[in-house]
Amino acid sequence: MKERFKDTDLREALRRQYADTPQLPAEFMDRMQRRKPALRHRTLPLFISGIAASILIAFLLWPKGEEAPIVQPEQKPILVQQTEETQSVEDEVVTNEPVKVVAEARPLVKPAKKHKHATKQKEPDEASDLQKRIAELTIVPTSADLGPNTLRLIGTKEPKAITTSITEEDKEESVPPISPERQALVDIFLAEEALQVVYEQQAQTEELRAFVADLEGKEIETSHFIIAF
Amino acid sequence: MQTEKQIVESVRKGEREGQDEMLRRYANQVFAMIVKQVPDVMDAQELTQDTFLKAFRNIERYNDRLSSLSTWLCRIAYRLTLDSLKRRRPIVVSLEDYSVWQTDISDEELEAALSTGNEKRIEKLQELVQQLPDEERMLLTLYYFDDLPLKEIAYIIGTDAKALAVRLYRIRKKLYKSLTIEH
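Residue numbers (this note's numbering), protein chains in the order written: chain A, 15 to 243; chain B, 896 to 1078.
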């Protein structure tokens, strides 16, 4: 194809068409000078809108994980709940000292809690008071209930005081939810602790009963209850 | 006397002197191109101002290896003018005679048919040019009136030279067909 066609008719037609084309007015430069500041004014909103858009994008794309942790005041973590429940039971045992109160409030002659061994045995009258006393003592006594000789004979075994203590800081500290496996381990641990207390109380009772029977010159059946897991 | 490169550098730095020099040197050319298509002088001035403001804003995009500064300005002016014409003029659906495309005629035959020197034919062509779509009329103006090379026109209207040549051929053939139908 040719780079340039003559096409004189068409060329002449266009020349005539645009022959009287107006020239650029002289005031154009003045107008342009007046519009030039508009350039700077236009760039400023663009700059501001750019910043606003970037802030919006940053807000939308901000990772959700870094937000403040969701606090559920109504529902405490399971571990804290269980620890507090255990603590409340232990507090009752330690602070209220129910065994001591029962031992002091009730006279020794009054039958309180029937022991199965005590109810089965039918001893002479002279030994009935002693049997009742044994039944009373099936409740775990404290060192205050036992005389110095008894303590000397049975050693220093006392109902084990729970030393677990939860401070206010521990309560306030938010513990994250734990997995079911760990929860199961915690449950087993708590069960072992409870059984250990029961076992030790039972062992003390057995020893005391044996001691009393020895004093009376009798043989009693010793329970061979074994706590097995 | 600043060179084109110095003017561009000065405008890129945001210097008023560079902008003024660009206006002094190219405003007439840009205005002349626009005013041929936009009949109202005030509108043409407005579009010329828009062209330069857009050029000042986007001066970083100018690549001197692709075109001269004046061609780049014409490219901006071409697009702004077309947009303006599209907004102002109602959409006209031209019922073109598609037999034009089936007419087999060479470039040489067309050249001969459009170079008769016949006064009536020239006047008729003047009318036909006014009836052409804006883009085609602008293309003819750039080619025949401004005598710009095909490559430069192709850059201004945003196409390649081959496609432009085909387009030009079709416009010429359409004009020729219109002339022959009239006769």
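Derived from the structure by calculation, the hints contain no laboratory data. Even glycine gets a Cβ: it sits at the ideal position worked out from N, Cα and C. Certain hints may be false.
[To be verified] Covered by chain A, per the in silico footprint, the following chain B stretches (three or more residues, Cβ under 8 Å):
id : region
1  : 920 to 933
2  : 940 to 947
3  : 963 to 974
4  : 1007 to 1014
Cross-check of the supplied hints:
| no. | hint | in the structure |
| --- | --- | --- |
| 1 | 920 to 933 | holds (count 6) |
| 2 | 940 to 947 | holds (count 4) |
| 3 | 963 to 974 | violated (count 0) |
| 4 | 1007 to 1014 | holds (count 5) |
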